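Hints are included, so try docking the two chains, each in its own frame, into the full complex.
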Amino acid sequence: MSRVGIQLTFLVWGLVLVAEISAQQEKNPVLLRGAALYQKHCAACHQADGKGVTRLIPPLVGTDYVSGDKSRLIRILLQGLNEPIVVQEEEYYSPMASFQYLSDIESADVLTYIRTRFGGGASPVSVKEVQQQRKKLPK
Amino acid sequence: MRTLFFVVLTGLFQSFAAWTQTPVTLKLPEGFEATQVAANWGRVRHIAVHPNGDLYMKLERLKQGNGIIRLRDTNGDGVYDDTLQFGNYPGTGIALGGGYLYASSNQAIYRYKLNAQQDPIDPNNPERIVQGLVDKGQHASKSITLDGKGHVYVNIGAPSNVCQVRDRFQGSPGMMPCTLLDSAGGIWQFRMDKIDQSYAEGVRYATGLRNVVGLDWNPFVQDLFVTVHGRDMLHQHYPELYDAKLGAELPAETFYRIPKGADGGWPYVYWDQFQKKKILSPEYGGDGKKEGAPGAMEPLMGFPGHLAPNALLFYQGNQFPAQYREGAFIAFHGSWNRSPEIQEGFYVVFVPMKGGKVTGDWEIFADGFTGKGKVSNPRDAQHRPCGLAMGPDGSIYVSDDARGMVWKIEYKRK
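Just so you know, the sequences run in chain order A and B.
Just so you know, we're using the working numbering here: the first sequence kicks off at 1 and counts up by one.
Just so you know, we're using the working numbering here: the second sequence kicks off at 1001 and counts up by one.
Extracted from the complex, chain B is given alone in its bound form (with noise of 0.2 Å):
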C-alpha cells in the first residue's frame, strides 16, 4: 500500500512540475533581447550558423532517428520555416567551413558538402574523416572547431576523474604515469580534407586537459582557446584536506589559450583559484598546498569549481557594444558536485579580451535559464546552456540541452 500512495504521489508531482512550467525570461545586459528560436529538440548540443543564416544543431539523442537538424529561413520573415533532418549518429560537435558542415559522434568526424543552394548534397552519405577515438563513455562527447588552414581540432575527454588505477574510488592512487594521456585527456588535430583518419594519423596537439568541452578558434591572434571541466571528489575522498565548502569550489574550472604542444597538468595537478597556483593532486600525494607540474600552462582564468563550461565563443560581430569584439562567452552548463552547496553555473559568461588577452573580470551575461532560481539538483533546471554560435547579423545563439531551446540574443539599442 505504501508503495502505490508513492507511485501516486511521485506521479502527482512531476504532473504538477509540468504543468507549473512557464517560458524562461532570458535576463541579459540593458539594451540586449533573447527571442525563442527552435524548441522542444531535446539534447541539443553544439550549434552553428551557416553565412546565409541557417541554424544547425546537433543532438545527443536522436529525434526520429536523426542526429542533426537544420532550420531555415526561407522567406526572409525572421521565423525558421523549413527543417532539414539527418545523420544518423547522436553527437556534440558541429562546425562549418570550407563549404562544408562538419559534425562529430562520440568516435568519429563526417563531413558533408554543400551544394550552391547549401544544402548538404547526399545527407546519407558523408565523408568520415576521422575514426575511432576513444570513447568509454564518461567525458566521451566530441567537440569541434575549424582553424580555417586545413584542420580540424577535437577534445578527447579523459574516460576517468583523475586518471587512478580504479578510476572513482576511494583511496586509489594515481597511475604514475597517466598512460590515458596516450589517446586522451587532450586535443588532436587532424586534416579537414582526408579520409578516415585515425590517431596515426593525428597530431596531439595539446595534452593534460581532462576534458575540454568547448573549444574556439580565435580569428584574432590565430590560436586556439579552450575550456576544461576540472575534476571532482576532493572533499568526498578527501574530508580532512577539503571541507564541503572547499570541494565545491574547487578546482577551478579554467579557460586556456593552447599553443602547439601545451600541457595543461591533468592528472597531476589542478589550478587553485583562491591560491592561484597548480597544486599537486592528493592521488599523487598532494596536500592541498604542495605545487606540481611546473612545465604545465597556467589558464587564462579560473571559474568556481564544477559549473561545467561547455561551449566557448569569441565575438567577432559588430552589432554588439565595442567592449564585446575579441571577447569571449562561454556557456555554463550548470554543477552537479558542489552538494551539499546549491547548485551553481546554468549561465552563460562574458570575458573582455583584446588580442587574445583577458582585459577584465568575467561577468554573467544570460541567466535565467534554470527558471526558478537556485536550485539543488541540476534535474530542476529547467534549461541548462550547452551550445554557442554567432549569425551573420552578429547576433550570438544559445543552445540548450534539458529541453532543446535554442535563443537569439540581439543588442537592440543603438
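Just chain A, same shape as in the assembly (with noise of 0.2 Å):
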C-alpha cells in the first residue's frame, strides 16, 4: 500500500473514532455538564480546542499536568498558578485563577471532560477526590 494510502486508512480509522468518542460524550451527563463548564469558565484562555497560546497560554493537551496525577490537577484548578510552569518545553507566565468557587459536583465533572477529551481518555475524577484535595488548601 502507498504512504498515502496508509495514511488515509489511519485517517479514516482516526474520523470512525472520533465519532465513536463523539457519539459517547453525547449521552454522558458528566462530560455534558462539563463541555459546557469548560465553554464557559476554560476556553477563553485555554482556547475551545485546549491547545492554549503560543507564549502566552499553556495547552491541555498531550501534558502530564492534564493526564497524570490527579490531586496536582485538582489541586490547580482549585488553587490557580502563580508561578511560571514548563509544558511541553516551552515556560508560561500568565498566572490562572483559582476556581474555588466552583461546588465539587461542577470540578470534577469539569476536570472528567478535560480529562477525557484532552488527555487521551485518561480516568475520570470523582467529586470524592476533589473534596479530599479541597480539604487539604490551606486556609
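Watch out, some of these pointers could steer you wrong.
Claimed, not checked - Computed beta-carbon distance windows for the label pairs:
no., chain 1, residue 1, chain 2, residue 2, range
1, B, 1317, A, 101, 22 to 30 Å
2, A, 32, B, 1176, 38 to 46 Å
3, B, 1173, A, 105, 26 to 34 Å
Stated by the list, open to error - Restricting the straight-line Cα-Cα distance to at most 20 Å, the calculated cross-link-like pairs of lysine to any residue (SDA-like) are:
no., chain 1, residue 1, chain 2, residue 2
4, A, 40, B, 1340
5, B, 1136, A, 82
6, B, 1136, B, 1167
7, B, 1136, A, 54
8, A, 51, B, 1382
9, A, 40, B, 1136
10, A, 40, B, 1241
11, B, 1374, A, 88
12, B, 1063, A, 82
Because the hints were derived from the structure by calculation, they are not lab data.
Being a predicted model, the structure only gives us computed values, none of them experimental.
No residue lacks a Cβ here, since even glycine has one placed at the ideal position from N, Cα and C.
Listed below in C-alpha cells is the structure:
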C-alpha cells in the first residue's frame, strides 16, 4: 500500500474513532455538563481546542499535567497558579485564576471532561477526590 | 488503548497539517507586491533595515545560541546571500541609529558600534546601556525606538492584567493606587550613549500604558507614538456587565501620541471605542458606563479589542503613492481572548495621517497571514505579523514570529 493509502486508512480509522467517542460523550451527562463548564470558565484562555496560546497560555492537550496525577490537577483548578510553569519545553508566566468557587460536582465534571477530551481519555475525577483535595487547601 | 489511539490520532493530524501547509499569498492593495525575503528563523519579533539594505531581525527564541540575525545582499541581485548571527540573548527590540545597532533583551538594552563596512566591530561584546528593567514574564518584551536626539525609548509592560491585588483572579479589587506604575506600565527614556543606566538614571516618560509593543518616533512632528495592548477578561470576570460579544470587542486596542508626561489611564480606565469615552474599570468600581481618569489622554484611534498591535511604523518613503506618506502602518499579531467569537487581527493596517493627526479611517493593508482565513485559536495561524521596518528604497518589511518569515512589500505600478 502506498504511503498516502496508509495515511488515508489511518485517517478514516481516526474519524470513526472520533465519531465513536463523541457519540459516547453526547450521552454522558458528566461530559455534557463538563463541556458547558469548560466553555464558560476555561475556553477563553486555554481555547476551545485545548491547545492554549503560544507564549501565553499552556496547552491542555498532550501534557502530563492533565493526563497524569489527579490530585495535582485538582489542586491547580482549586488554587490557580501563581508561578511559571513549563509545559512541552515552553515556559508560561500568566497566572491562572483560582476556581475554588466551583462546587465539588462542577469541579469533578469539568476535570473529567478535560481528561477525557484532552488527556487521551484518562480516568475520570470523582467528587470524592475533589473533596479530599479541597480539605487540604490552606485556609 | 484509548490513550494510544489518541496519541496516534494527534500525531497524524499534526503531520497532515504540516504536509498540507503551502506558502501564503498576501492580499495587498492594487499595485503592491510582496516577496518573501527571509524564512524559518523562528520567533522573529522586531526588525530594522539599514540604509545599505541590511536586514536585522531580533529573535525571541535563540537560533543556535544567537538572538540577532543580519542578512545582507553582497552582490546586489536583490537576494540575501550572507548571514551574520550574534547576540546570545532572546528579546524583541531592535533599532539602528548614529552608527550603532541597538537591541533589547527582556531586562536590558545593548548597543553595537558599526564600522565603515557597517559590520558590528565586536558582536560578542556589546555595550550594555540600560539594565535591571522589570521582567516578570507577563508583558515582559521590551520594544525600543530612537529619537535622533540622543535618547532611546523603551516600553516596560505591566506584569499584570489590570493591577488587581491578585492578578487575573475574579473578584480581586484593583490596587489603589497601582504601585506597579512606579517601575512598569509606561515608557521610559534613557540616554542612547551612557553605560549601565538603571531606573534611577532614566525618565518615566509616559505612564498608564498597560503593555505597549508598537512604538515609533514620528519624524514629521518630532513626537513619540505608541500602540497599546488593552486589558483582558471583562466578560469572563464580569459577565453581568459584559456579554461574550462585548467582551470580545472591548476594550479598544489603542493608538496614542505621547507627549512627555502623558498618562494613558491604565489600570483605572479603558477606552470604549463605541461610546468614545474613558470608562472606569470594573475592578475600580466601574459599571461599563461610569467614566474615570479625567486627566488621562484620549487615543488617536481605537481598534477592535484584543487584536494585539505589535508594531508601528511611520511611512517616510517616496515609493508608495502620496497618500501613504506620513501615515502609520500597524502590524496586528492577532487575538487570543475573543472566544467564543472567532479570533481577529493577523494583518497589517494603514492609518492615513498628516502632521501627526489622523485624517481618515483605518484600512487593512496586508492580509492573508493566517493562510486559512478565520482561525479560532491563534496557534492555527500559519504566520503572525510582529515587526515592521522601511528599507532605503521606501519598501516596507513585515516579520512573522510564528514561523520566522519576513516579507518585503513594494509598490510596482508607477
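Which of the numbered hints above does this structure break?
-> 1, 9, 11, 12
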